[in-house]
Amino acid sequence: MADLSPMMQNYMAKKEEYKDCILFYRLGDFYEMFFDDAILASRELEITLTGRACGLDEKAPMCGVPYHAVDIYISKLINKGYKVAICEQLEDPKTTKGMVKRDVIRVVTPGTVIETNMLDEKRNNYIMSIVKKGLFYGLSVCDVSTGDFFATQIVESNNFYRLLDEIARYLPAEIVVNPMMKNSASEISQIKDRINPCITEIDEERFSEETDLIKNLYNIEDNTGRPFDDFKNHLLVVAAINGLSSYLNETQKIKLEHINTIKVYETTRYMSLDINARRNLELTERLRDKSKKGTLLWVLDKTSTSMGGRLLRRWINDPLIDVEEINNRLDAVQECKENIILRGDLIEALKKVYDIERLVRKNFLWKCKC
Amino acid sequence: MISLKTSLSNLPELKSILGNCNSKMLKELYENLDELKDVTELIEKSIIDDPPVTIKEGGIIKNGYNPEIDECRRASIEGKSWIINIEAKEREATGIKNLKVGYTKVFGYYIEVTKSFLNQVPDRYIRKQTLTGGERYITEELKEIEDKVLGAEERIINLEYDEFTRIRNKISSQIERIQKASNIVATVDVLSNFAEIAENNGYNKPEVNSSDIIDIKDGRHPVVEQMVERGTFVENDTYLDEDAERLSIITGPNMAGKSTYMRQVALITLMAQIGCFVPASSARIGVVDKIFTRVGASDDLSMGQSTFMVEMMEVALILKEATKNSLVILDEIGRGTSTYDGLSIAWAVAEYISSKDTIGCKTLFATHYHELTGLEEKLDGVKNYQVDVREKGEDIVFLRKIIPGGTDESYGIHVAKLAGAPKKMLTRANEILKTLEKKVKIREKQEEKEMKNQVGGQLDMYNYKLADIASELDKININELTPIEALNTLVKMKEKLK
Chain A
0 MADLSPMMQN YMAKKEEYKD CILFYRLGDF YEMFFDDAIL ASRELEITLT
50 GRACGLDEKA PMCGVPYHAV DIYISKLINK GYKVAICEQL EDPKTTKGMV
100 KRDVIRVVTP GTVIETNMLD EKRNNYIMSI VKKGLFYGLS VCDVSTGDFF
150 ATQIVESNNF YRLLDEIARY LPAEIVVNPM MKNSASEISQ IKDRINPCIT
200 EIDEERFSEE TDLIKNLYNI EDNTGRPFDD FKNHLLVVAA INGLSSYLNE
250 TQKIKLEHIN TIKVYETTRY MSLDINARRN LELTERLRDK SKKGTLLWVL
300 DKTSTSMGGR LLRRWINDPL IDVEEINNRL DAVQECKENI ILRGDLIEAL
350 KKVYDIERLV RKNFLWKCKC
Chain B
0 MISLKTSLSN LPELKSILGN CNSKMLKELY ENLDELKDVT ELIEKSIIDD
50 PPVTIKEGGI IKNGYNPEID ECRRASIEGK SWIINIEAKE REATGIKNLK
100 VGYTKVFGYY IEVTKSFLNQ VPDRYIRKQT LTGGERYITE ELKEIEDKVL
150 GAEERIINLE YDEFTRIRNK ISSQIERIQK ASNIVATVDV LSNFAEIAEN
200 NGYNKPEVNS SDIIDIKDGR HPVVEQMVER GTFVENDTYL DEDAERLSII
250 TGPNMAGKST YMRQVALITL MAQIGCFVPA SSARIGVVDK IFTRVGASDD
300 LSMGQSTFMV EMMEVALILK EATKNSLVIL DEIGRGTSTY DGLSIAWAVA
350 EYISSKDTIG CKTLFATHYH ELTGLEEKLD GVKNYQVDVR EKGEDIVFLR
400 KIIPGGTDES YGIHVAKLAG APKKMLTRAN EILKTLEKKV KIREKQEEKE
450 MKNQVGGQLD MYNYKLADIA SELDKININE LTPIEALNTL VKMKEKLK
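Going down the list, the sequences are from chains A and B. Residue 98 in numbering that gives the first Met the number 0 sits at position 99 of the first sequence, with consecutive numbering throughout. Residue 304 in numbering that gives the first Met the number 0 sits at position 305 of the second sequence, with consecutive numbering throughout.
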């Protein structure tokens with residue numbers, strides 16, 4: 000290390016911190032990658048591999064992408080299942096003497112992508128945490144792009160099946176698990192067989208059962224929107240939330256203002272549909288080519304807004320079993336159907352509404368554009 | 000942020016539309032919808048309508064919102080007009096007619112004089128830059144004004160940035176309200192969407208209750224009906240309850256529409272339970288707690304031998320998890336193994352699932368084992384259905400209508416013909432079938448007494464082979480068969496006969 004140039008020393012130090020990520024290191028108008036990252040990225044992104052003098056005898060392998068097109072390259076890597084750590088220049092080079100300070104401002108993972116161009120606008124992009132303790136599971140799931148956050152636990156018999164059911168409900172792009180879950184090889188392989196998400200293991204102590212921190216960070220509600228306080232009987236819920244919250248904190252680096260409410264629900268609220276049924280009935284994906292065309296969602300989706308599109312997908316995935324709740328919806332639909340003027344006006348007004356959820360996130364997180 | 004404003008500014012309109020609604024859910028949405036007028040007004044007052052892409056170059060904040068910014072802007076504009084004045088003033092003072100005042104990022108403001116007038120340049124001009132065509136100068140006065148103008152511009156940018164950040168933080172603090180409103184927008188969107196779809200596709204309101212009955216009149220498959228010509232989809236009734244008609248055994252040839260029919264029942268039930276109208280002239284749906292499907296293994300065929308294992312794992316799961324309030328769809332259970340294994344398994348599964356001691360849930364069971372139609376007489380709650388097929392001479396027509404009763408015709412050879420199998424092979428298959436049927440009939444008569452509650456009979460090896468081939472034929476999904484595969488299948492069949 001001693002022979003490396005100061006910049007490369009800084010690079011190596013950052014890389015050490017983010018070993019499991021490809022490190023995008025900002026140098027002027029480019030994000031550069033070095034050494035093994037460079038070799039890997041040049042192959043995956045089909046960009047030229049060059050070298051850069053780094054103080055050692057041999058040049059360091061290097062490749063880079065221009066900063067203004069970085070989203071495209073990041074999305075390519077994410078889609079291939081890699082994680083990308085973005086290391087920015089934190090000072091203005093014009094006003095700094097010597098080397099500018101650089102640090103990782105964000106880690107992009109399949110479950111925490113927020114760039115709108117990487118996301119399907121009518122679909123949630125979920126990250127899930129699963130904590131396994133003994134025979135039971137706690138799980139929480141969040142869409143970083145919209146701020147939705149849910150949590151539940153599975154403490155009844157035949158629970159792995161129930162867990163698969165919940166996974167099928169959300170189809171998370173990434174799952175964060177505790178060591179016990181990760182070590183349950185057959186369960187992990189069954190999950191991978193079904194949806195093949197990116198699975199990340201994090202330390203047991205991050206799935207803490209302490210409630211103080213999360214109570215501070217979030218409003219925790221039950222199904223009906225009332226404050227949830229039965230933490231004593233939901234320690235697995237608490238652990239799952241803590242795990243996911245700490246992972247989000249580690250990767251996103253800033254306080255995610257728009258993630259402020261967590262809904263704790265009971266898995267028995269919804270009709271149980273195992274993943275085979277979801278697939279066979281072609282609810283949101285065709286069996287043959289995974290496309291949306293030819294599915295129930297395709298027939299039912301004439302929604303006017305992206306938010307509506309995402310909610311519709313969720314409703315199709317979560318049929319209710321409470322008769323009153325179902326009939327409330329049906330009565331509302333009936334009113335809209337029978338009152339043509341009302342329906343026309345509503346649709347007209349809705350068409351003018353953009354994706355508020357993701358706009359809000361875009362405006363108040365990393366990038367702020369008008 | 001402007002998109003946010005545009006979006007939010009529609010909330011009051013949306014709210015007023017909802018104001019006249021009568022249904023409980025829409026009323027509640029109306030009451031809970033926050034119009035967020037304060038947020039919209041804040042953005043409207045402060046941010047210009049067509050802002051630049053970056054926030055670090057100014058030009059974001061509206062005039063009249065922040066007095067300090069306004070003041071600086073005035074200074075900057077004044078400074079610029081001073082500079083224009085300087086051009087006129089200096090031309091007059093020096094007599095250089097084409098004297099110009101210009102600006103570059105590197106040098107700032109300058110006075111440019113072309114070569115031919117260089118001799119008229121006064122001493123107070125300070126030379127800054129030499130060009131091929133002339134010289135650039137600055138003066139004390141120009142420098143002074145430049146400082147003011149550029150200083151003001153920089154200050155504006157900083158002030159605007161600070162102001163923008165303040166506005167953003169203000170909105171940020173309202174983020175929960177915005178998210179709540181956006182949830183309501185989404186809900187209204189989905190509900191009105193359901194209404195629109197119901198209107199366009201001719202759906203009707205299902206009656207959803209906590210009974211144990213599923214009663215669908217003239218049901219259609221929501222997706223398939225969109226794929227075929229309008230009005231050509233064949234409607235079907237369905238009746239299932241937890242007593243006399245728990246388990247429907249559906250027999251009939253492949254391709255006749257068994258799978259479509261069963262999925263249609265599951266989809267209509269699911270649609271009703273998400274609050275959507277359904278493709279049927281009427282429907283009464285007793286809420287189900289779980290839906291299971293076990294559908295033929297055609298999509299797993301590439302996995303070879305493990306197919307049967309997968310099938311059985313799924314069946315095992317269903318038997319373990321289903322409750323009496325569940326809806327189960329079973330399509331061709333036991334296909335992945337030898338005929339008699341398969342039949343025995345299918346038979347036992349039907350018994351297990353229909354018995355109130357074990358599960359007793361609503362089940363649709365499609366099978367090509369016509370032996371299973373015998374269950375209607377033996378078990379409680381079982382009814383036979385079949386897909387209506389017309390024979391026209393040697394050909395068959397699938398009517399896709401589900402009617403009561405069982406059938407023992409599987410029309411496998413007809414289907415093979417439809418698929419374009421060679422005539423010679425078809426004739427041979429027909430011959431084999433006839434002998435097979437004769438033999439089985441004789442045997443069945445002989446063994447009728449012994450059989451009673453047991454299944455099937457025994458066949459010698461040759462017949463077993465034939466039955467195997469028949470079942471092979473039955474299994475073939477013509478849609479997925481390439482000509483070469485078809486040929487290979489034939490070769491395999493011939494080999495088996497040897």
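I should point out that these hints are in silico values taken from the structure, not numbers from a laboratory. Be careful, since some hints might not be right.
Capping the alpha-carbon separation at 27 Å, the derived lysine-lysine pairs in DSS-like fashion look like this [to be verified]:
| hint | chain 1 | residue 1 | chain 2 | residue 2 |
| --- | --- | --- | --- | --- |
| 1 | A | 262 | B | 179 |
| 2 | B | 55 | A | 254 |
| 3 | A | 254 | B | 4 |
| 4 | A | 301 | B | 319 |
| 5 | A | 350 | B | 127 |
| 6 | A | 121 | B | 14 |
| 7 | B | 289 | A | 291 |
| 8 | A | 262 | B | 204 |
| 9 | A | 121 | B | 4 |
| 10 | A | 93 | B | 127 |
| 11 | A | 301 | B | 14 |
| 12 | B | 169 | A | 214 |
| 13 | B | 23 | A | 351 |
| 14 | A | 301 | B | 104 |
| 15 | A | 254 | B | 179 |
| 16 | B | 104 | A | 96 |
| 17 | B | 23 | A | 262 |
| 18 | A | 93 | B | 147 |
| 19 | B | 169 | A | 252 |
| 20 | A | 252 | B | 104 |
| 21 | A | 351 | B | 289 |
| 22 | B | 23 | B | 204 |
| 23 | B | 4 | A | 351 |
| 24 | A | 132 | B | 319 |
Everything numeric in this text was worked out from a predicted model, so none of it was measured.
To see whether the hints hold, each was checked on the structure:
Proposed proximity of residue 262 of chain A and residue 179 of chain B is supported: the alpha carbons are some 13 Å apart, at most 27 Å. Taking the CA atoms of residue 55 of chain B and residue 254 of chain A, the gap is near 23 Å; set against the 27 Å cutoff, the hint holds. Distance hint between residue 254 of chain A and residue 4 of chain B is fulfilled; the C-alpha atoms sit about 24 Å from each other, no more than 27 Å. Using a Cα cut-off of 27 Å, the hinted pair residue 301 of chain A and residue 319 of chain B is violated, with the two alpha carbons roughly 38 Å apart.
Taken as a hint, the residue 350 of chain A and residue 127 of chain B pair is broken in the structure, with Cα atoms around 58 Å apart against an allowance of 27 Å. Annotation: proposed proximity of residue 121 of chain A to residue 14 of chain B holds, straight-line Cα distance about 24 Å (limit 27 Å). Restraint check: the Cα-Cα separation between residue 289 of chain B and residue 291 of chain A comes to about 24 Å, which is no more than 27 Å; the hinted pair holds. Simply put, residue 262 of chain A and residue 204 of chain B have alpha-carbon atoms about 30 Å apart, too far for the 27 Å limit, and the pair is violated.
Using a Cα cut-off of 27 Å, the hinted pair residue 121 of chain A and residue 4 of chain B holds, with the two alpha carbons roughly 21 Å apart. Between residue 93 of chain A and residue 127 of chain B the alpha-carbon distance is near 24 Å, which keeps this suggested pair within the 27 Å criterion. Annotation: proposed proximity of residue 301 of chain A to residue 14 of chain B holds, straight-line Cα distance about 21 Å (limit 27 Å). The straight-line distance between the Cα atoms of residue 169 of chain B and residue 214 of chain A is roughly 23 Å, inside the 27 Å bound, and the hint therefore holds.
About 25 Å separates the Cα atoms of residue 23 of chain B and residue 351 of chain A, which keeps this hinted pair within 27 Å; it holds. A threshold of 27 Å between alpha carbons decides the hint, and for residue 301 of chain A with residue 104 of chain B the separation of about 52 Å lies outside it, so the pair is violated. Taking the CA atoms of residue 254 of chain A and residue 179 of chain B, the gap is near 20 Å; set against the 27 Å cutoff, the hint holds. At roughly 22 Å between alpha-carbon atoms, residue 104 of chain B and residue 96 of chain A fall within 27 Å of each other, so this suggested pair holds.
Among the hinted pairs, residue 23 of chain B with residue 262 of chain A is consistent with the structure: their alpha-carbon atoms are about 23 Å apart, no more than 27 Å. With a C-alpha separation of about 22 Å, the suggested pair residue 93 of chain A and residue 147 of chain B falls inside the 27 Å cut-off, and the hint holds. Between residue 169 of chain B and residue 252 of chain A, the direct Cα distance comes to roughly 22 Å. Compliance with the 27 Å bound is thereby established for this hinted pair. Among the hinted pairs, residue 252 of chain A with residue 104 of chain B is inconsistent with the structure: their alpha-carbon atoms are about 37 Å apart, more than 27 Å.
Restraint check for residue 351 of chain A and residue 289 of chain B: the C-alpha separation of about 38 Å exceeds 27 Å, so the hint is violated. Among the hinted pairs, residue 23 of chain B with residue 204 of chain B is consistent with the structure: their alpha-carbon atoms are about 16 Å apart, no more than 27 Å. For a cut-off of 27 Å, the pair hint linking residue 4 of chain B to residue 351 of chain A stands: about 11 Å separates their Cα positions. For the given pair, residue 132 of chain A sits about 23 Å from residue 319 of chain B by alpha-carbon distance, which is consistent with the 27 Å threshold.
Violation of the numbered hints given earlier is confined to hints 4, 5, 8, 14, 20 and 21; the remaining hints are satisfied by the structure.
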